[in-house]
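Visitor: Protein sequence lines correspond, in order, to chains A and B. Just so you know, the first sequence maps onto residues 2 to 116 in my numbering. Just so you know, the second sequence maps onto residues 330 to 445 in my numbering.
There's no promise every hint is true.
Straight-line distance between alpha carbons at most 27 Å, and here's what the computed DSSO-like set of lysine-lysine pairs gives [claimed, not checked]:
no.	chain 1	residue 1	chain 2	residue 2
1	B	LYS336	B	LYS394
2	A	LYS103	B	LYS394
3	A	LYS50	B	LYS394
4	A	LYS43	A	LYS59
5	A	LYS70	A	LYS59
6	A	LYS59	A	LYS103
7	A	LYS43	B	LYS336
8	A	LYS43	A	LYS70
9	A	LYS70	A	LYS103
Short, incomplete list of chain A residues facing chain B, as computed with Cβ under 8 Å [as the list claims (entries may be wrong)]:
no.	residue
10	GLY44
11	LYS50
12	LEU57
13	ALA87
14	PHE91
15	LYS103
16	LEU104
17	PHE106
18	ALA108
19	GLY109
It should be emphasised that the hints constitute simulated quantities derived from the structure, not laboratory data. Quantities reported herein were computed from a predicted structural model and do not represent experimental measurements. For glycine and all other residues, C-beta sits at the position ideal for the given N, C-alpha and C.
Now for the letters of each chain:
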Amino acid sequence: AQSVTQLDSHVSVSEGTPVLLRCNYSSSYSPSLFWYVQHPNKGLQLLLKYTSAATLVKGINGFEAEFKKSETSFHLTKPSAHMSDAAEYFCVVSDRAGGYNKLIFGAGTRLAVHP
Amino acid sequence: SAVISQKPSRDICQRGTSLTIQCQVDSQVTMMFWYRQQPGQSLTLIATANQGSEATYESGFVIDKFPISRPNLTFSTLTVSNMSPEDSSIYLCSVVVQGSSRDEQYFGPGTRLTVT
Numbered sequence: 002a003q004s005v006t007q008l009d010s011h012v013s014v015s016e017g018t019p020v021l022l023r024c025n026y027s028s029s030y031s032p033s034l035f036w037y038v039q040h041p042n043k044g045l046q047l048l049l050k051y052t053s054a055a056t057l058v059k060g061i062n063g064f065e066a067e068f069k070k071s072e073t074s075f076h077l078t079k080p081s082a083h084m085s086d087a088a089e090y091f092c093v094v095s096d097r098a099g100g101y102n103k104l105i106f107g108a109g110t111r112l113a114v115h116p
Numbered sequence: 330s331a332v333i334s335q336k337p338s339r340d341i342c343q344r345g346t347s348l349t350i351q352c353q354v355d356s357q358v359t360m361m362f363w364y365r366q367q368p369g370q371s372l373t374l375i376a377t378a379n380q381g382s383e384a385t386y387e388s389g390f391v392i393d394k395f396p397i398s399r400p401n402l403t404f405s406t407l408t409v410s411n412m413s414p415e416d417s418s419i420y421l422c423s424v425v426v427q428g429s430s431r432d433e434q435y436f437g438p439g440t441r442l443t444v445t
């Protein structure tokens, strides 16, 4: 079965410093991986996705993630945090068992950005 | 992408009652799903809403508690039946848009349910 583990429940950074949100996955085949963001009282927004093309994936708002098969990781990064990045971030893997694509969500990482 | 709306956006209900949540999409979609997000938790898939047939439920969720309808390609409802305080959650629908990857899901804004 597919699964994802987000290694940090909370991350706190200062505005203008780099962001690193860590995610490890478990999959019996080449996975599709996603990062979603959820701002307070707002819906989920797709940040980026990896589907076996380039291992470095660029998303919206300056975020990117690198797929590392040897480390089974898909960490999310951003060079310089902005106050508006404060939100909950979910690492997600797609499970293709049963003939449809079921999304398996990680527990989430809450990102706080301080002035 | 797709524009997804949910009604109601929030509600406060008494235990023992039922609430029906609507999900409307502005374009035809191939698949629709319903998720639950309990307070402070991640998202859990409740079921896949199948057009014209019974929904496919995930382990731990049953039709009697969460009946789902999907009468056409752009609309679905989820009912939370005989509610208890443990049902207090955000309920979200998601869709896979025709022509896009089967992996890529777009989410509605959610319905915040509080059961007293």
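Visitor: All hints are to be evaluated individually against the structure, with a verdict given for each.
Guide: Hint-by-hint comparison with the structure:
With a C-alpha separation of about 19 Å, the suggested pairing of B/LYS336 with B/LYS394 holds against the 27 Å cut-off. With a CA separation close to 21 Å, the supplied pair A/LYS103 and B/LYS394 stays within the 27 Å bound. A distance of roughly 33 Å separates the Cα atoms of A/LYS50 and B/LYS394; the hinted pair therefore is violated under the 27 Å criterion. Only pairs whose Cα atoms come within 27 Å are accepted, and A/LYS43 paired with A/LYS59 is accepted, the gap being roughly 23 Å.
For the hint linking A/LYS70 to A/LYS59, the alpha-carbon distance of about 17 Å falls within 27 Å, and the restraint holds. Annotation: proposed proximity of A/LYS59 to A/LYS103 holds, straight-line Cα distance about 23 Å (limit 27 Å). A threshold of 27 Å between alpha carbons decides the hint, and for A/LYS43 with B/LYS336 the separation of about 14 Å falls inside it, so the pair holds. Of the pairs offered as hints, the one joining A/LYS43 and A/LYS70 is violated, with about 32 Å between alpha carbons and a cut-off of 27 Å exceeded.
Using a Cα cut-off of 27 Å, the hinted pair A/LYS70 and A/LYS103 holds, with the two alpha carbons roughly 21 Å apart. Because the beta carbon of A/GLY44 sits about 4 Å from the nearest beta carbon in chain B, less than 8 Å, this interface hint is met. Hint status for A/LYS50 relative to chain B: holds, with the closest Cβ pair at about 7 Å, below 8 Å. Because the closest C-beta pair between A/LEU57 and chain B is about 18 Å apart, greater than 8 Å, the hint is violated.
Here the hint on A/ALA87 is broken, as its CB sits about 16 Å from the closest CB of chain B, past 8 Å. Hint status for A/PHE91: holds, given a least beta-carbon distance of 6 Å to chain B, under 8 Å. Interface restraint check for A/LYS103: the shortest CB-CB distance to chain B comes to about 6 Å, inside 8 Å, so the restraint holds. Here the hint on A/LEU104 is kept, as its CB sits about 6 Å from the closest CB of chain B, short of 8 Å.
The criterion of a C-beta within 8 Å of any C-beta in chain B is met by A/PHE106, whose closest approach is roughly 4 Å, and the hint holds. Residue-level restraint check for A/ALA108 holds (minimum Cβ-Cβ distance to chain B is 5 Å; threshold 8 Å). Below 8 Å, beta-carbon pairs count as interface contacts, and A/GLY109 has one with chain B at about 5 Å; its hint therefore holds.
Taken one by one, the earlier hints fail for this structure at numbers 3, 8, 12 and 13, listed in ascending order.
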